[in-house]
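Asker: In order, the protein sequences belong to chains V and Y. For the first sequence, our numbering assigns the number 1 to the initial residue and increments by one for each residue that follows. For the second sequence, our numbering assigns the number 1 to the initial residue and increments by one for each residue that follows.
In case anyone wonders, no lab produced these hints; they're calculated from the structure. Remember, predicted model here, so these are calculated numbers, not experimental data. Heads up, the beta-carbon is just placed ideally off N, CA and C, and yes, glycines get one too. Among the clues, some could well be false.
Computed from the model, here is a short list of chain Y residues facing chain V with C-beta under 8 Å [stated by the list, open to error]:
no.	residue
1	S82
2	L112
3	S167
4	Y471
5	A473
Now for the letters of each chain:
There are 2 protein chains.
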Amino acid sequence: MSICIGEYLLARLSEMGVRHMFGVPGDFNLWFLEQTIREGSINFIGCCNELNAAYAADGYSRLAGISALATTYGVGELASLSAIAGAYAERVPIVCITGAPPLPAMQQRALLHHTLADGNYENMLNCYREFTVAQTRIEPTNARQEIDRVLRTCWIEKRPVYLQLPSDVAGVRTEPITAPLDLDFPASDPTQLARAISRVSDRISRASAPAFLLDADAERFDLAQLIVLLAEANGIPMAYLIPAKGVIDETHPLAIGIYRGAGSPPEVRQAIENSDCLICVGTRFTDVATGLFTHQLDSKSIIDLQPFGLRVGKESFNAVGTAELLSGLLTKNHRTRPFLAYLGPRSVARGEPDANASFTQAAFWPCIEKFLQPGDVLVSDTGTSFFASSNLNLPEGTTFIGQPTWGSLGYALPATLGTCLAAPERRHLLFLGDGAFQMTAQELSTILWRDLNPIIFLLNNDGYTIERLIYGADSSYNDINPWRYGQFSAAVDPRERVMIHCVRNEAELQSALRATDDSTRPHLIEIILPRMDAPDSLVRFAKKAAEFDFPQLLEEEIKQIK
Amino acid sequence: MSICIGEYLLARLSEMGVRHMFGVPGDFNLWFLEQTIREGSINFIGCCNELNAAYAADGYSRLAGISALATTYGVGELASLSAIAGAYAERVPIVCITGAPPLPAMQQRALLHHTLADGNYENMLNCYREFTVAQTRIEPTNARQEIDRVLRTCWIEKRPVYLQLPSDVAGVRTEPITAPLDLDFPASDPTQLARAISRVSDRISRASAPAFLLDADAERFDLAQLIVLLAEANGIPMAYLIPAKGVIDETHPLAIGIYRGAGSPPEVRQAIENSDCLICVGTRFTDVATGLFTHQLDSKSIIDLQPFGLRVGKESFNAVGTAELLSGLLTKNHRTRPFLAYLGPRSVARGEPDANASFTQAAFWPCIEKFLQPGDVLVSDTGTSFFASSNLNLPEGTTFIGQPTWGSLGYALPATLGTCLAAPERRHLLFLGDGAFQMTAQELSTILWRDLNPIIFLLNNDGYTIERLIYGADSSYNDINPWRYGQFSAAVDPRERVMIHCVRNEAELQSALRATDDSTRPHLIEIILPRMDAPDSLVRFAKKAAEFDFPQLLEEEIKQIK
Chain V
1 MSICIGEYLL
11 ARLSEMGVRH
21 MFGVPGDFNL
31 WFLEQTIREG
41 SINFIGCCNE
51 LNAAYAADGY
61 SRLAGISALA
71 TTYGVGELAS
81 LSAIAGAYAE
91 RVPIVCITGA
101 PPLPAMQQRA
111 LLHHTLADGN
121 YENMLNCYRE
131 FTVAQTRIEP
141 TNARQEIDRV
151 LRTCWIEKRP
161 VYLQLPSDVA
171 GVRTEPITAP
181 LDLDFPASDP
191 TQLARAISRV
201 SDRISRASAP
211 AFLLDADAER
221 FDLAQLIVLL
231 AEANGIPMAY
241 LIPAKGVIDE
251 THPLAIGIYR
261 GAGSPPEVRQ
271 AIENSDCLIC
281 VGTRFTDVAT
291 GLFTHQLDSK
301 SIIDLQPFGL
311 RVGKESFNAV
321 GTAELLSGLL
331 TKNHRTRPFL
341 AYLGPRSVAR
351 GEPDANASFT
361 QAAFWPCIEK
371 FLQPGDVLVS
381 DTGTSFFASS
391 NLNLPEGTTF
401 IGQPTWGSLG
411 YALPATLGTC
421 LAAPERRHLL
431 FLGDGAFQMT
441 AQELSTILWR
451 DLNPIIFLLN
461 NDGYTIERLI
471 YGADSSYNDI
481 NPWRYGQFSA
491 AVDPRERVMI
501 HCVRNEAELQ
511 SALRATDDST
521 RPHLIEIILP
531 RMDAPDSLVR
541 FAKKAAEFDF
551 PQLLEEEIKQ
561 IK
Chain Y
1 MSICIGEYLL
11 ARLSEMGVRH
21 MFGVPGDFNL
31 WFLEQTIREG
41 SINFIGCCNE
51 LNAAYAADGY
61 SRLAGISALA
71 TTYGVGELAS
81 LSAIAGAYAE
91 RVPIVCITGA
101 PPLPAMQQRA
111 LLHHTLADGN
121 YENMLNCYRE
131 FTVAQTRIEP
141 TNARQEIDRV
151 LRTCWIEKRP
161 VYLQLPSDVA
171 GVRTEPITAP
181 LDLDFPASDP
191 TQLARAISRV
201 SDRISRASAP
211 AFLLDADAER
221 FDLAQLIVLL
231 AEANGIPMAY
241 LIPAKGVIDE
251 THPLAIGIYR
261 GAGSPPEVRQ
271 AIENSDCLIC
281 VGTRFTDVAT
291 GLFTHQLDSK
301 SIIDLQPFGL
311 RVGKESFNAV
321 GTAELLSGLL
331 TKNHRTRPFL
341 AYLGPRSVAR
351 GEPDANASFT
361 QAAFWPCIEK
371 FLQPGDVLVS
381 DTGTSFFASS
391 NLNLPEGTTF
401 IGQPTWGSLG
411 YALPATLGTC
421 LAAPERRHLL
431 FLGDGAFQMT
441 AQELSTILWR
451 DLNPIIFLLN
461 NDGYTIERLI
471 YGADSSYNDI
481 NPWRYGQFSA
491 AVDPRERVMI
501 HCVRNEAELQ
511 SALRATDDST
521 RPHLIEIILP
531 RMDAPDSLVR
541 FAKKAAEFDF
551 PQLLEEEIKQ
561 IK
């Protein structure tokens with residue numbers, strides 16, 4: 001029996017493991033949404049707005065490996081664009097489906113609402129082209145091939161893709177599906193693979209101090225297990241850039257911690273910068289990952305593994321999959337060496353508790369570290385939350401989610417809607433500031449409405465502390481309206497599910513943490529913190545950022561002081 | 001004494017009449033924001049997020065004639081892109097200023113946060129190019145010329161423009177300003193102008209039934225007064241497309257009402273469609289403006305005035321300003337004719353009141369019509385609010401603001417932040433639905449925090465009624481979580497300024513309207529309405545939209561019924 005093109009798309013998404021689709025209805029996508037709920041295998045999660053829906057899709061994809069977003073033409077898809085650019089930057093696969101005007105109207109350049117009313121139907125696609133790895137307008141003549149091509153690209157490249165589904169095309173009939181979508185990774189070129197294995201193996205054997213340095217791609221391409229096996233077989237220590245936090249178990253004896261250039265722990269810095277065979281997996285040496293380019297690596301020591309190729313010294317291999325390479329290396333016997341640098345559990349530094357002083361992050365995070373359980377999902381918003389939580393020691397099987405590269409305030413709350421739906425059996429902890437909360441606050445509504453139960457830590461430090469640390473500590477542009485966050489949560493929670501806690505000291509925090517034993521309900525724990533309270537790593541980074549961004553300003557201020 | 005480039009930009013914005021700048025701080029724009037508050041003539045209004053800030057800038061520009069938006073690179077500017085595209089579609093000038101990374105970092109393709117970490121610094125600009133009429137990256141070598149060029153284009157074309165201000169460039173010193181920014185419209189070509197005046201004058205003289213048909217450009221280019229004078233001098237009736245509602249006083253004897261194709265009042269339809277000299281001012285015959293292309297105009301009768309040129313029959317004039325043309329026509333004596341079609345005040349239709357039935361829009365809007373005062377500013381969100389309020393008879397001097405072309409849900413609430421700041425002496429009435437409210441709800445916070453006092457009518461009809469009318473009346477994707485809107489408003493209002501009213505019948509509405517006599521405080525009036533309650537004009541439009549968007553679907557459903 002024939003099926004509709006919209007149903008074809010839904011079936012392909014199902015094959016890839018999509019069980020929830022995020023979005024907002026609009027006239028051009030209503031039929032597709034109707035097909036979704038009638039077909040029944042994908043649950044449509046309506047969000048309050050499109051930016052939030054895209055962040056939710058991002059969070060979902062982090063755990064489910066893929067996600068889908070349904071918006072309407074123009075107004076909807078552009079509102080989610082920033083989040084899609086973020087997914088590109090962080091390498092998160094999202095299938096963006098825009099319900100577009102009917103195909104004849106676009107072909108005739110009709111002056112429709114949700115457009116510039118100038119007959120231009122290329123501008124939205126042009127924008128998405130900048131932040132997706134494949135794009136198409138689905139037409140009856142190309143639907144099956146184009147859907148398959150674009151979805152496969154999303155799966156293989158682990159980045160967002162863009163499908164324009166004209167409202168009328170969703171209902172056009174096509175043949176039923178006979179063969180599954182090809183989701184196999186392209187096989188390596190045998191000659192190049194063999195040569196690459198030999199080269200890398202040789203380098204490892206000759207090295208006196210090999211080391212792994214991982215970035216997020218190690219997780220995106222599911223390489224962590226192979227890396228750990230290779231590390232164990234050869235006694236190779238593993239460090240990671242901040243975007244790869246949690247990708248390998250931090251309790252592993254060979255996991256030595258985060259490398260961030262000059263700001264690294266001395267033993268990590270030494271292991272990485274003095275390595276004579278540094279196996280980099282997907283590394284991007286961004287400002288945030290390197291403490292503003294303070295890394296000092298010897299390019300001659302680097303073996304640079306990227307998703308579909310590698311570089312060893314001056315030699316490039318352009319058709320070698322990393323998984324096959326690592327598997328091949330596992331079959332080799334290398335000179336083993338005892339790497340005994342395991343440092344034991346590291347603890348978040350804390351100051352001396354002062355009963356009269358304000359509660360601070362230095363007191364807060366050690367409590368959180370003790371509160372963590374194996375298998376937790378941590379979602380941290382950009383700002384003090386991300387910088388501080390990246391210093392936590394994570395128990396086994398913990399997932400750590402943030403936006404270290406894109407760094408958009410407001411990401412984490414809607415992303416948690418996605419993570420909760422992708423892994424309802426796990427405990428989800430969200431850390432965010434008050435400024436970030438206000439950006440996307442309404443999506444708390446959907447979390448509560450959908451019976452999800454995250455534990456939300458709202459670090460209320462009265463404004464944009466991360467900006468204050470960079471510049472304008474007391475300037476009004478870094479102030480925000482101090483909401484009543486508990487009341488806010490109750491207002492978007494007509495079924496009165498959320499438990500609200502306000503914390504001003506450690507005793508109150510411990511009491512709130514104990515209350516989360518009731519995991520049948522979500523918890524909002526508001527922590528009142530001083531304005532300028534922040535982890536040292538962020539204070540240092542912010543100072544460097546100010547120097548980087550505003551060189552003359554600092555000179556002028558020094559002049560004024562003189 | 002020299003000034004900084006950031007200060008130069010601020011001075012130019014001041015010259016154009018900008019007194020408030022909307023935005024969100026981010027590391028790359030902090031210095032520019034600091035310059036703003038130190039310079040003091042432009043008030044920075046921090047918003048909860050960038051989409052809302054851009055909507056606020058749009059609302060501000062509608063009344064002030066120009067506005068400014070300050071965001072940070074990547075994450076911020078992309079989040080506001082949808083609103084900027086809307087400003088392009090509706091022809092609203094906004095100066096978009098993005099704080100970009102320091103120029104050397106961009107030139108060296110540094111891997112920075114808020115980018116894709118691939119060294120590409122063209123992608124944001126490429127997106128903005130689609131929705132702005134001028135763009136530039138400000139560099140020390142071109143700063144003054146480029147700032148002046150881009151700002152002038154914004155002023156002349158009345159559409160958004162885009163300035164990338166690298167964080168370090170804001171502080172580079174330049175000479176002080178000596179000459180004012182050239183904001184004069186380009187003068188018409190004298191020969192073409194004279195010929196155009198003669199042609200149009202001739203057509204008017206020969207016409208037996210001339211008529212004006214106005215679109216929003218009549219307002220954007222400040223042509224209303226000239227049009228009215230010309231209409232009065234020659235007894236020409238004036239109709240308008242929906243985007244031009246309120247551009248001329250609806251109480252004027254020659255103002256005959258809205259033309260919307262087959263859905264027009266019969267006398268308006270007859271005057272426009274039977275005119276033998278239809279002077280169109282900036283008209284765009286969009287789906288929304290024409291009841292989905294039901295307009296029937298004789299192209300031979302049309303004189304098409306566009307901002308910088310016109311077309312009379314097959315003859316085009318490409319260097320004629322409309323204001324000069326209209327002024328020229330005012331000097332001509334045309335055969336006068338008595339147009340006596342003035343229809344008297346029209347009233348919004350209302351059903352018979354039923355004491356037991358739910359309160360409905362049919363009962364609500366006549367009360368609002370009586371409540372209106374000369375000089376009011378009405379802001380209506382897309383959905384039932386816009387369609388219904390466009391049927392109101394407006395008193396003299398009323399401004400009517402919406403997004404008839406772009407049609408983005410959630411526009412109106414943040415736009416009202418802008419309108420209130422642009423004209424604090426006027427009364428601002430905001431009409432929006434519950435679905436729209438949830439999209440941008442947090443910006444209510446800024447309205448309350450900034451001591452603004454709009455009257456907000458929240459039409460709570462339990463979900464996306466406009467979508468339900470098109471398709472999926474009972475489908476779950478059109479449902480939303482029913483917030484407690486009063487409690488929500490209180491939560492974002494720590495200073496307890498807002499007066500909250502919940503209305504379920506006409507008596508309660510009247511009581512709430514009386515309470516607004518206290519104009520020293522903002523009012524939130526929540527109106528509880530039935531789900532499918534909507535003005536007839538929207539019901540008809542929605543049915544046509546469904547047929548237009550989903551032709552096969554309706555056929556299939558008819559088949560199923562058979």
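Asker: Hint by hint, say whether it matches the structure.
Answerer: Quick rundown of the hints versus the structure:
1. The beta carbon of S82 (chain Y) comes within 4 Å of a beta carbon in chain V, closer than 8 Å, and the hint placing it at the interface holds.
2. Hint status for L112 (chain Y) relative to chain V: holds, with the closest Cβ pair at about 5 Å, below 8 Å.
3. The interface hint given for S167 (chain Y) holds, since its Cβ lies 4 Å from the closest Cβ of chain V, which is under the 8 Å cut-off.
4. Hint status for Y471 (chain Y): holds, given a least beta-carbon distance of 4 Å to chain V, under 8 Å.
5. With a least beta-carbon distance of about 11 Å to chain V, the hint placing A473 (chain Y) at the interface is violated under the 8 Å criterion.
Hint 5 from the list above is the single one not met by this structure.
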